[in-house]
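**Student:** The chain contents come next:
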Amino acid sequence: MSPLIETQGVTRVLPAAVPVTLVQDITLAIGAGEFVAITGPSGSGKSSLLYLLGLLDRPTSGTLAIEGRDTAGLTERERAAIRLGTLGFVFQFHFLLPEFTVRENVEIPMRRLGRLGTVAMRDRSTELLSALGLHDHLDKRPDQLSGGQRQRVAVARSLANDPPLILADEPTGSLDSRSSEQVFSILDALVRERGKTVIAVTHDTEMAAKASRRIHLVDGRLAES
Amino acid sequence: MRLILALALTHISGRGRQTLVAIVGVALGVGFSIAMASLMQGGEDDFVARLVDTMPHVDITDEYRNARRQPAQDAFAAVQIAGLRPKDDRRGILNPTEAVAMLRAWVPGRLALSLKTQGVVRYSGRDVGIAIIGIEPQAEMKVSSLAKDFRQGSFTSLIAGGNNIVVGDRLAQRLGADLGTTVTVVSSTGQSRAFKIVGLFHTGTTARDEGEGYVLLKNAQILSERPNAINEIRLKLDDPNAAPQVARRAEAQLGYKAMAWQEANESLLEALVIRNVIMYTVVGAILLVAGFGIFNIISTITHEKARDIAILKSLGFTETDMRRLFLLEGLALGAGGSLVGWAVGFLLCFALSLVRFELSGANVAQEITRLPLAWSIWHYLIAAGFALVSAGIAGYLPARQAARLNPVDIIRGAT
Chain A
0 MSPLIETQGV TRVLPAAVPV TLVQDITLAI GAGEFVAITG PSGSGKSSLL
50 YLLGLLDRPT SGTLAIEGRD TAGLTERERA AIRLGTLGFV FQFHFLLPEF
100 TVRENVEIPM RRLGRLGTVA MRDRSTELLS ALGLHDHLDK RPDQLSGGQR
150 QRVAVARSLA NDPPLILADE PTGSLDSRSS EQVFSILDAL VRERGKTVIA
200 VTHDTEMAAK ASRRIHLVDG RLAES
Chain B
0 MRLILALALT HISGRGRQTL VAIVGVALGV GFSIAMASLM QGGEDDFVAR
50 LVDTMPHVDI TDEYRNARRQ PAQDAFAAVQ IAGLRPKDDR RGILNPTEAV
100 AMLRAWVPGR LALSLKTQGV VRYSGRDVGI AIIGIEPQAE MKVSSLAKDF
150 RQGSFTSLIA GGNNIVVGDR LAQRLGADLG TTVTVVSSTG QSRAFKIVGL
200 FHTGTTARDE GEGYVLLKNA QILSERPNAI NEIRLKLDDP NAAPQVARRA
250 EAQLGYKAMA WQEANESLLE ALVIRNVIMY TVVGAILLVA GFGIFNIIST
300 ITHEKARDIA ILKSLGFTET DMRRLFLLEG LALGAGGSLV GWAVGFLLCF
350 ALSLVRFELS GANVAQEITR LPLAWSIWHY LIAAGFALVS AGIAGYLPAR
400 QAARLNPVDI IRGAT
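Chains as they are written, first to last, in numbering that gives the first Met the number 0: chain A, 0 to 224; chain B, 0 to 414.
Keep in mind the hints are simulated off the structure, nothing from the lab.
The C-beta atom is built at its ideal place from N, Cα and C for all residues, glycine as well.
It cannot be assumed that every hint is accurate.
Unchecked claim - Computed footprint of chain B on chain A; a stretch qualifies when at least three of its residues, placed anywhere within it, have a C-beta under 8 Å from a C-beta of chain B:
| id | segment |
| --- | --- |
| 1 | 66-79 |
| 2 | 95-105 |
| 3 | 108-114 |
Go ahead and model the full structure; you've got the sequences and the hints to work with.
**Tutor:** Next up, the structure:
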């Protein structure tokens, strides 16, 4: 079985007067059920790599395949479809839409995908949020929640369309240690209990230590860890 | 699509004051253009109505559009014939009874026959040249607007028969005559008859008030020594706009020149078209300005919502979705503005309809007139349509920009 996500010599250079190389020659394969931590010092290209893996950015050279499908020739629309159905994002800042309630935020990706009916979407958002301990906050707005709660909503949203792969960019970066612990264990449970794959960029050595696999970046290159 | 709409509405409702400003901008544009269109159209309708009212809708006269071919031209294959003396045509519409019967069969409206001839009215040593128009009073009343303009007496005074005449009040003034005065009418053929004035009319048009006299058709035929002749058939149609078609058909059928009121007043109607062009230009300019308001708010929203755009794109929304989102926001503002604008336009029109003028002319009794306003659903639809189009354009440009935003740039910026 082909790995969930596979890169071959992926390089990303920002075009400028003096071109900036974000990541260089990354070759890796990540299979289903892995909890991968991407670590490295600031500016080492961790987030850039994650954006490339999440199809938010296109590599300057090299190939990237998701579920065995090469993404180089895909149109913007097809890439968006993969983001919608196959990938889930959790960012450092919760990035919830402030005008919508917690439940609506979780339902937005479902509505975009349009696979479920209104009732089914409601059931699913309730279930996802309850599982993350948010059943009392379904109809609150994001600014009425604490940082940890918001981040849990963001996790619920990333799971909305039940994607096999969750990409997290410093998911605990702006949280206190208790909330960090909570969010981490949620991600960990996703891998263990639901067979999801999580790729998380993190500064948190403790979190990295608990991951099933660590990828260390230095100056945009893979380094031994 | 419903999701995109929900997002769009949330965006604009989240910006209360700016949204209000944009909507008010569009609403004022739409409202004023409706009011203006209503006034201009009303003025035009009023003008045309007066025009149409005073004129026959189709005027069939005993003339031909092209000079008749002379028999010599058909008899000889000559290049040029010089010194030809054309045969005298018997003037008037030939076979009037048949012609009238043919028209009656299909013309959607009313018609009146008349014989118009030139003559002179003589009284107390004064001579005034007038057009003597022989009419059938009953038919005439259904066709002519003159029936409304009588100061004293009316066409019905003619029905009784006898040598009676109805003239304009200014003519009577010039002659020094009055109702009941007997004047002498001399026709161009030299016939002279005494007529009693049984009616005075005042149309406001000096040429008519000073230069027309109506008598019974029979009397006119006697005066011009043309028994049973008529030289004009005037039609009043149920729908004045059908006049050109009716005129064309009548002309084809009878061979005589039939002129629709539109043809008779071509230059005036052209002037109205130009007026309309000016009006729509001004209205368009107003709405264009409103469009800039929309452009401004959508641009601002795009900048402020850059983060939302990044989030939505990372969630799997496409560029097309983003373009639609902001385009919809523009259209929603345009639609909201149009709806409010309809109310503004309606109220403005209502307010204008309450304005009253008092016109007083030298010879006219005081007349109270209201502003002529036309109510047409089209004014509302055109104004809203234009507002929506400019809102769409105003929304499209920022929308395109929003769609192109690279989510990574924004996510990086935020972290």
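**Student:** Hint by hint, say whether it matches the structure.
**Tutor:** Verification of the hints:
1. 66-79: Three-residue rule met by the segment 66-79 of chain A, so holds; n is 3.
2. 95-105: Held - the segment 95-105 of chain A has 4 residues with a Cβ nearer than 8 Å to chain B, which meets the minimum of three.
3. 108-114: holds (count 4)
Violated hints for the displayed structure: none, as all numbered hints are satisfied.
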